[in-house]
Amino acid sequence: MGIITALANPQRFLAFSGWAAPVLGAAAVALALAGLWTGFAVPDDYQQGATIRIMFIHLPAVFTGMMAYGCLAGSAFFGLVFRHNLADAAARAVAPLGAAFTFLGLVTGSFWGRPMWGAWWVWDARLTSFLVLFLFYVGYMALQAAIDDEAKAARAAGILALVGAVNLPIVHYSVVWWNSLHQGETIFAKGGPKASVVYLWPLALMSFSYFTAFGALWMARVRAEIWRRRAGALAVQGTR
Amino acid sequence: MKGFWVLLRRELAMAWGRGGGPIVAVAFYACVATLLPLAAGASPARLAAVAPGSAWLALALASLLSLERLFERDYEDGALDQLALGPVPLEIVSATKCLAQWISTGLPLALFTPLAATALGADIKLAPLTLACAVLGGLGFAFVGGIGAALSLGSRRGGVLIAVIVLPLFAPPVIFGGGAIEALATGLNWTPGFGLLGAYSLAAMALGPFAMAAACRNALS
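Protein chains in written order, with our numbering: chain Y, 84 to 323; chain S, 1356 to 1576.
Chain S extracted, bound-state conformation (with noise of 0.2 Å):
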């Protein structure tokens, strides 16, 4: 347990210090949902229709960008095959990993959901369901993410690879979210895209670190 914590506040550390933190995420997101209008059109009843899809769509993209440096970094300064040695197994190294990717790009991430949704147009009171969807199916970004990132560790291009990789595991999340804040704002229950979602997460955070330190320790074979 002392060496989660300790892994914990290594990543976070890592994350804030090298990799600017989430101000890169937010500000690709914050890019991807002004251009959005100037692709769509400025009318407020076309976008007001896409707008909490289009920003829950936006949230999946930029829950990309930092993967590419999740397990790379380590990879090639030698840190991973010590963490690999260490007394942490790897799934748990993996886990905490993805945790510290959800906690210092995803959290921050979803707070900025409901604000770009309601900047499009969507309905006010669809934002507490938006920001409760992208807290939760953020995590299952990060977990689902990480495998990927964990994949393509070692190969020639890195990102562009692990978005072909990772975008079609994203389908089930994508829908079971955008599902649930469309039925509220079509006043149906959104109670089972929700309750999906919520599944979703937990089977990927509980999945996810098994394939993750697999692929980890091909790469270091």
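For reference, chain Y alone in the conformation it holds in the complex (with noise of 0.2 Å):
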């Protein structure tokens, strides 16, 4: 909480991003350096051959998508309690890389799919709700992007991110309810894929990577709207 207020200044956002935000981006490239090498070197899966090596790819994606819907309802709601600025920006900064990255996720999983199951889709539970996951970001950018005035776009927006963080586990829930419905048009097994120890390694560097690539282009975007803005009322200062 303490590290929250203090990086509310913008200015000591500015001071601390400045130099956290390249360090996080130079943890990520090595980070996934290592990944990748380690992930390159395990041994085939004895199922599902080299194509196991997609996880390493796939399910970090999967869980920064995740964890940055977290981020944008945290942000939004530090915003319209507290009327914060940089938590308005924070959130809108936050929505496309979410969106990012879970559209990477559903990438990467259809191309997983294609060989382990034979089709680039399946209609099952998880790959439904991260699919509702990805349009709840889009809803939120098309309210973000259609109202004019900054500060009503980003309550607006805001009041839409806490919605959907309500949706979202009764959304899961549902379509996990729907899928058991249909029990016998899926083809693995629930639990899915159990994971030997030797991959492990290979998914934690690659997740961490994401974690902190995800950090720091989160931080880099922030900054770039704290300077849109402080542009913008220079604009406006000018025209008087």
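There may be inaccurate statements among the hints.
Claimed, not checked - Facing chain Y, from chain S, some residues (calculated, C-beta under 10 Å):
| id | residue |
| --- | --- |
| 1 | V1515 |
| 2 | L1524 |
| 3 | L1551 |
| 4 | G1553 |
FYI, nobody ran anything at the bench for these hints, they're computed from the structure. Quantities reported herein were computed from a predicted structural model and do not represent experimental measurements. Heads up, the beta-carbon is just placed ideally off N, CA and C, and yes, glycines get one too.
Build the complex: two chains, separate frames, hints provided.
Here it is as structure tokens:
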């Protein structure tokens, strides 16, 4: 809590993120290299063969896409309750990132699904609720972009982000319920493929790589957002 | 309580008077139901398999139609400012608007749903449950849709935006209602789906007005 209130000051945030974002970015690259190196070194899976390696770029994207919605809802909450500008900027900055990671998760998942299940897409509970998560991001960005007044757009989109946060668990459980109704059509076993321990190292490295990349990009986008607002304020001053 | 009745009568009068009431929504519904066999093929076996689900999905889509005017009308002519200043809290005003939306559009559509499903080839014994799901689900559609309508106040493109915001939120009721009807069609227990649909609609009625009121206050500020 202390660090959040300290960084709520835009000046202090700019100073902090000025060195934190590049450090996180460098860590992301180093972790990605290490993760890919170990990922290619592990033996092929006895069932899935070489395609098991898609997991190392797929699952981290899924984790990051879901985590980003938590960041979005949290920022929206701070922005709505405390009327804080930086929280609005953070929410605005994180939505396209979350959408991008979610999209990456969907695309890599479909590349993994084709050789494994013989289909690019399966209407499985996890896939479907993840697709709905992507649609939530799209709705948030569409609303944000459609209202001209930026403060109003931020608050309206913030309310939508919180409505979405309440709805995501409902969507998830409803989709699981729906899926159990159609159980005969699912291809793979409940609980998914069990990963053996040798795959956990590259998976952990790649996950931390994605997380740090997400953190670096988020900070860079918040910085850009702060500068964009300052430029807008200066432009208004200049016309007076 | 008196304020509520006055508001409800006002909303209903406006829905019937200027919006054309349920006629447009029902006509849209009829058009979608007509195009479905043209797109998917008219062989009875194929149509009957998708009939209840399609009728249910078309209901969700038709519920979106008149949402655009739900708050926008009062926002444009300043009535929403007056309502915000009045003695009735905006939460009640929003709930009343959604209730009127349900009475004027949702109920007529619900009456039409089993008709369309049967015309498309669904078994006639599904009709009572289809009607019950449409009545109950329509309530949820109206209250969740109202959130989208209130949030998009003052935006540049109302209708499409509302659809993009609201349709992902419609996923659970569409699943519950469609699941209940399909369960009955395949001889399974339909009560869990129906109960969950009711729970969703009641939760939307309880929580939706707060989001709508917050969105209205934001648009008016």
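Evaluated hints:
Taken as an interface hint, V1515(S) checks out: its beta carbon lies about 8 Å from the nearest beta carbon of chain Y, inside 10 Å. For the restraint placing L1524(S) at the interface with chain Y, the shortest Cβ-Cβ distance is roughly 6 Å, inside the 10 Å limit, so the hint holds. For L1551(S), the interface hint holds, the least distance from its beta-carbon to any beta-carbon of chain Y being 7 Å, beneath 10 Å. Hint status for G1553(S) relative to chain Y: violated, with the closest Cβ pair at about 13 Å, above 10 Å.
Violation of the numbered hints given earlier is confined to hint 4; every other hint is satisfied by the structure.
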